[in-house]
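Chains as they are written, first to last, in the working numbering: chain W, 1 to 85; chain Y, 86 to 170; chain R, 171 to 319; chain X, 320 to 468.
Read the hints as simulated data drawn from the structure, not as lab findings.
Possibly wrong hints are sitting among the right ones.
Said to hold, decoys possible - In silico DSBU-like links for lysine-lysine, alpha-carbon gap of 35 Å or less: (1) W:Lys71 / X:Lys378; (2) R:Lys229 / Y:Lys156; (3) Y:Lys89 / R:Lys172; (4) R:Lys172 / Y:Lys156; (5) W:Lys4 / X:Lys378; (6) W:Lys71 / X:Lys321; (7) Y:Lys87 / R:Lys295; (8) W:Lys71 / X:Lys444; (9) X:Lys321 / R:Lys172; (10) X:Lys321 / W:Lys4.
Unchecked claim - Here are some, though not all, of the chain X residues that point toward chain W, as calculated from beta-carbon distances under 8 Å: (11) Ile322; (12) Gly353; (13) Leu435; (14) Gly450; (15) Trp453.
Don't be surprised by glycine CBs; every beta carbon is placed ideally from N, CA and C.
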Amino acid sequence: MKVKLLYFAVLRERFGTAEETLELPGEQARVAALIDQLRRRGDPWTEFLATDYPYRVAVNQQLAGLVSPLKDGDEVAIFPPVTGG
Amino acid sequence: MKVKLLYFAVLRERFGTAEETLELPGEQARVAALIDQLRRRGDPWTEFLATDYPYRVAVNQQLAGLVSPLKDGDEVAIFPPVTGG
Amino acid sequence: MKIQVQEQDFDVGGELAALAAGAPDAGGIASFLGLVRETSDGSAVAGMTLEHYPAMTRKALEDIVAQAAARWMLRDVVVIHRVGALQPGDRIVLVAVASAHRGEAFAACEFIMDMLKTQAPFWKKERTPAGERWVEARASDDAAARRWR
Amino acid sequence: MKIQVQEQDFDVGGELAALAAGAPDAGGIASFLGLVRETSDGSAVAGMTLEHYPAMTRKALEDIVAQAAARWMLRDVVVIHRVGALQPGDRIVLVAVASAHRGEAFAACEFIMDMLKTQAPFWKKERTPAGERWVEARASDDAAARRWR
């Protein structure tokens with residue numbers, strides 16, 4: 001399965017890209033599996049996807065958690081805590 | 086001693102005057118004595134200065150109570166509950 | 171601090187812009203704008219007259235704002251209240267509070283409105299199809315004011 | 320209900336007047352206006368850029384307003400949030416809530432701001448004399464949002 005990844009703010013800058021497509025094994029997965037796969041890339045992924053960094057995940061434009069399910073074609077956004085208003 | 090009395094809103098209308106000067110016995114008094122004296126006039130004074138009507142009193146433009154002291158020359162306003170805003 | 175009691179209308183956008191310009195570190199302004207309703211207690215309202223106690227009104231509003239300023243860290247406050255003849259839809263009152271902290275701006279603005287509603291000497295008389303009537307004070311306003319004690 | 324995310328400035332007085340005109344029985348409008356500060360964490364701010372997640376932003380704001388409308392009796396709501404390049408003193412956000420009940424208007428307005436601050440996908444990058452920096456989220460905003468659970 002493939003998902004579209006979007007990065008925002010400091011993550012976009014530090015990861016050096018705003019968007020990529022990622023192949024995940026199997027036909028379904030959870031957000032946690034996606035995060036694990038990204039972490040295996042090493043820094044800066046490990047830094048911003050560490051358990052002590054408060055990154056946020058949205059699946060198809062809805063805030064999601066590590067146990068949220070993913071399916072082929074989903075749009076997954078990963079970003080730092082929001083600072084609008 | 087003399088005090089200047091001011092009435093507002095429905096009290097002004099029902100008492101038929103916006104302002105009067107009242108002579109009170111002695112050189113000092115409490116608001117309660119003033120209210121008692123007005124009540125002795127009968128209706129509509131008894132109606133709007135009854136213990137179950139929520140009239141308000143201000144002495145020299147400050148909200149006051151029945152035990153507040155009065156002296157010669159004070160401005161005493163009596164009015165219904167406020168409804169601004 | 172700006173406290174005004176006046177017959178004429180006021181410009182909400184202009185007042186908030188002036189408040190913002192005078193408090194460049196505030197970060198935010200909480201405000202409440204009160205309006206004349208088209209209906210009141212089930213009757214159509216053709217208009218109203220706002221009476222007040224001129225010698226006391228400003229003093230009462232200043233006292234309320236001073237209480238708010240003692241409770242919360244405020245940068246600046248605007249209170250404008252109209253008196254005289256008003257039509258449905260007309261602006262009656264604007265309370266605007268600038269603070270560096272959003273929560274303090276909200277709390278102070280609501281406090282000032284709750285105190286104004288129960289302590290400032292204004293009285294509304296409405297014109298309805300059944301004639302004129304003095305608006306009655308609401309128990310909910312007394313309850314709102316008591317929360318702050 | 321009006322929810323807008325836009326680069327251009329907005330007219331606070333005009334927005335509140337339109338909200339009032341469309342809700343003639345509301346009686347009052349509670350609002351919050353957020354502004355770019357001149358200083359932030361002790362540094363002068365020369366300007367900032369507001370980034371957002373276009374496909375999600377509007378949905379997130381609609382969801383927050385829907386939650387508010389389910390909790391309180393609201394007549395109408397306006398949310399306008401700017402994105403792009405902003406200068407100190409510029410307006411960033413307006414949240415305005417019309418309700419027949421003052422307390423509900425205040426609560427809903429503060430709720431929408433607290434949720435917007437912690438759930439809507441906006442990110443601020445400030446320009447200071449020491450260079451550019453991403454604004455850090457505040458624990459006080461998280462605490463404010465948690466109060467409503």
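Problem - Cut-off 8 Å, beta-carbon criterion: hint that glycine 450 of chain X touches chain W - result: violated (13 Å)
Practice task
Given the hint that lysine 71 of chain W pairs with lysine 378 of chain X, test it: the Cα-Cα distance must not exceed 35 Å.
Solution key: Holds, at roughly 21 Å.
Practice task
Below or equal to 35 Å on CA atoms is what counts here, so check lysine 172 of chain R against lysine 156 of chain Y.
Solution key: Judged against 35 Å, a Cα distance of about 33 Å means the pair holds.
Handout entry: Pairwise hint evaluation, lysine 156 of chain Y against lysine 229 of chain R, where the allowed Cα distance is 35 Å at most
Key = Given pair lysine 229 of chain R, lysine 156 of chain Y holds - Cα atoms ~21 Å apart, limit 35 Å.
Handout entry: Hint consistency between lysine 87 of chain Y and lysine 295 of chain R [alpha-carbon to alpha-carbon, up to 35 Å]
Key = holds (31 Å)
Exercise for the section: Would you check the hint for lysine 321 of chain X and lysine 172 of chain R, treating anything up to 35 Å between C-alpha atoms as holding? Expected result: holds (31 Å)
Problem - Distance restraint between lysine 321 of chain X and lysine 4 of chain W, which requires alpha-carbon spacing of 35 Å or less - result: holds (30 Å)
Problem - leucine 435 of chain X as an interface hint toward chain W, with CB separation required under 8 Å - result: holds (5 Å)
Practice task
For the pair we were handed, lysine 71 of chain W and lysine 321 of chain X, check the Cα-Cα distance against 35 Å.
Solution key: Given pair lysine 71 of chain W, lysine 321 of chain X holds - Cα atoms ~33 Å apart, limit 35 Å.
Handout entry: Per-residue hint verdict: glycine 353 of chain X, partner chain W, C-beta under 8 Å
Key = Holds, about 5 Å.
Problem - Restraint check for lysine 89 of chain Y with lysine 172 of chain R, where alpha carbons must lie at most 35 Å apart - result: Since the Cα atoms of lysine 89 of chain Y and lysine 172 of chain R sit roughly 30 Å apart, the hinted pair holds (cutoff 35 Å).
Exercise for the section: Could you check if tryptophan 453 of chain X really has its C-beta closer than 8 Å to a C-beta on chain W? Expected result: holds (5 Å)
Of the numbered hints stated above, those contradicted by the structure are hints 11, 14, listed in ascending order.
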